[in-house]
Amino acid sequence: MAKKVLSMIKLNIPAGKANPAPPIGPALGQAGINMMEFIKKFNEMTMDQMGSTLPVAITVYEDRSYSFVVKQPIASDLIRKAAGIEKGSGNPLKEKVGKLTKSQLRDVAQKKMADLNTDDVEQAMRVLAGTARSMGVEIVD
Amino acid sequence: MANWICVKAEFESEPSDWSIVHEVFAEHGCGGTIECSDPPGLSAYVYEGADAETNIAKLCDELIGLGATSVSLETVEEEDWAESWKQFFKPREIGDGFIVAPSWEEPPKSEARTLIVLDPGQAFGTGDHATTRLCIELLEEEVGPGAIVCDIGTGSGILAIAAKKLGADEVYATEIEEAAFESAQRNFERNDVEVAIWNTSTIPEEVPECDVVVSNLVSAIIVKIALALSEIVDEGGVWIFSGVIPDNLPDVQRAGEKAGFVLHSWKVDEGWAAGKFVKPEAI
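As given, the protein sequences belong to chains A and B, one line each in that order. Residue numbering for the first sequence follows my numbering, beginning at 1 and increasing consecutively. Residue numbering for the second sequence follows my numbering, beginning at 1 and increasing consecutively.
For reference, chain B alone in the conformation it holds in the complex (with noise of 0.2 Å):
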């Protein structure tokens, strides 16, 4: 398992300025600081790689020559927070029948909603978040049996399941990401649903043209991506978009626009946006 090296530089004083010390971590590696004000005080975090050691004795003597009054270090080990999100994921109903729950605990008996059961990982949705419910909410309305889906940007796996479970007859994924495409392996599994998936940046070739296309990303990649989309999405088809916030949703909408689609309609959700392009019918 990974670990890496928590390094804690305080000062007797809280400086007007901490960009200065900021610096010195981020020529050391560190991806990020932590202020801290009692007492004042900044962290980062290296990873305990094959330089790990020199880079940090560097790392000290230029904090402490910035004035830094002790420095302190701390293994941590990359689970400890990658695991203590999980107690707060609870069981919780999303769209109008789906129950979401996660996989380390017993599943709730609900005979009213469809169960899906998921273990995120590191990956994107739990269903905890307004873009996914909102992209469930979208999918309920759009996806029916024979239905053929394709997710772009899957993560955890929560809407291609979702999809399935609504009745589509083939759905397909794509996730860049390769941890979360590994999450999303395993909760198709755990659901028992049958998705072909493709740890990818582009469209593969093998997806069909698709009744609805989902993808739950964020702007500038819908922006991107959307012209080819519009090579997937069938006639008549629909894309749902999420994951935007509403100041970018005319630059989203210029770009389906452009790529040939029409902006059904849009709805908001605790800050994000999320809609639906139809590709029109050739005449």
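Only chain A is shown next, with the shape it has when bound in the complex (with noise of 0.2 Å):
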């Protein structure tokens, strides 16, 4: 029989580098799951995309056991990425800070596609490139 869900912790933490404190900490705490097994088995299968921010759904069941799944990078992770620069625009209006092309934008979206709750590229695409446009990076064709 399946075990009964008690609740789901949905995280965004930085690759290989979890530990105890917040928001790992109070999360898991609360939810009275193993806190450094967590963080020891998350490190471990994440330690060769440090640098990434990546996001972790966590499944509590009722005797406490529970499971977990990592998704690809975040959306503004990867476009980062793809545009080759470091961070976004504070101004995205007014202040570009990058380029994407529209077969870079399809990349992405063929990453990110199932984590976005779409098979559809081009609707996974219109996604990113508003995430890419509130960063300040110009959708080129």
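Don't take each hint at face value.
[Unchecked claim] Where chain B lies over chain A, by a calculated footprint (3+ residues, C-beta under 8 Å): (1) 5 to 16; (2) 23 to 29; (3) 73 to 85; (4) 123 to 130.
[To be verified] Taking lysine to aspartate or glutamate and the EDC-like style, the derived pairs with C-alpha atoms no more than 16 Å apart in a straight line are: (5) A:K102 with A:E86; (6) A:K71 with B:E27; (7) A:K10 with B:E35; (8) B:K90 with A:D63; (9) B:K258 with B:E231; (10) A:K10 with B:E14; (11) B:K224 with A:D48; (12) B:K165 with B:E182; (13) B:K86 with B:D61; (14) A:K17 with B:E177; (15) A:K10 with B:E106; (16) A:K87 with B:E27; (17) B:K90 with B:E106; (18) A:K71 with B:E93.
These are calculated hints, taken from the structure and not from any lab test. C-beta atoms are modelled at their ideal positions from N, C-alpha and C, and glycine is treated no differently.
Hints given; two lone chains; assemble the complex.
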């Protein structure tokens, strides 16, 4: 029989660098799951992606056991890497900090599609174009 | 006691992508964010340091600028979560001969098993995790009276204590994190065992050639220290490693072999691999 789910925790945390400080400490402590165990496993799994921020969804069951899924880096991370910039613009309307071609945007969309709850690459591209614009990254042909 | 301020931004509807909101938190020094669904929102923690007030005011403005319908603040004491997991740490039998119990409970009476009393604090190692259990099982196979043992990255100190209680003559330990180092020292006292420990990331000169070296770390670090460990494992001695996901085992094996070890055996428990390298005797 499937175990009863107690709660679902969704975090966005740096790859390979999880520690007991917030937000992980309070989020996992309140759920009653073994924090150090999660930290160790997450860091081991994501060490090779250091520098990225990764969404992780943790399912906590009634017996305080848990499972978790690590997703693709957050969209802004993928866009930054594809555009070759260190950070987004503080004033995206006026100050543009980088460019992304449609083909680059499509590559990012294909990577991130499953996390955006869509199997339509055009739809994923529209979402990511919105994120890119908010970062001051222009989409060009 | 250190405090944190939990900043929670709520939105009318869930955006298709939270990353822009996350970026704003990250720019204000938050180490990560938590997504909530009802109502949709994102929260993060700011350390209550000297600039916290200005930092939080700016953060709130920016979140409202991104369309947050409300931003709430809540002070959280650091101890809140550090303690909360303890209610789930109960005495448990580990390996063939140990029972590990939390220091805040009446120790269980067991004639057949050796008691280890622990308060891990924020350090790793309650015996609850497969990587620790595997190490204790391997220590039981390898450590006997008279042995010289070194535990690299001792965490709560559980493995060093187990080695001493298995009869090891001399036990050495290192720990890179200060909080874990202090927690290990307290656990050595609690268990009345003598372990020489250093708060360091390197191997102290004082550590002699050992019969057994144990390292419950992560594969990237195990790979990195293989060569240094070969200096302190005696010929015919054993290096027990743990904390490796099976996919990374080939990397660990390669690093061990390059450092002159031979992989003797390994096993997997709950998705974690641990094993034994042997340092061959010179012919």
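Query raised in the report: What are the numbers of the hints that this structure violates, sorted from low to high?
Result: 5, 6, 12, 13, 15, 18
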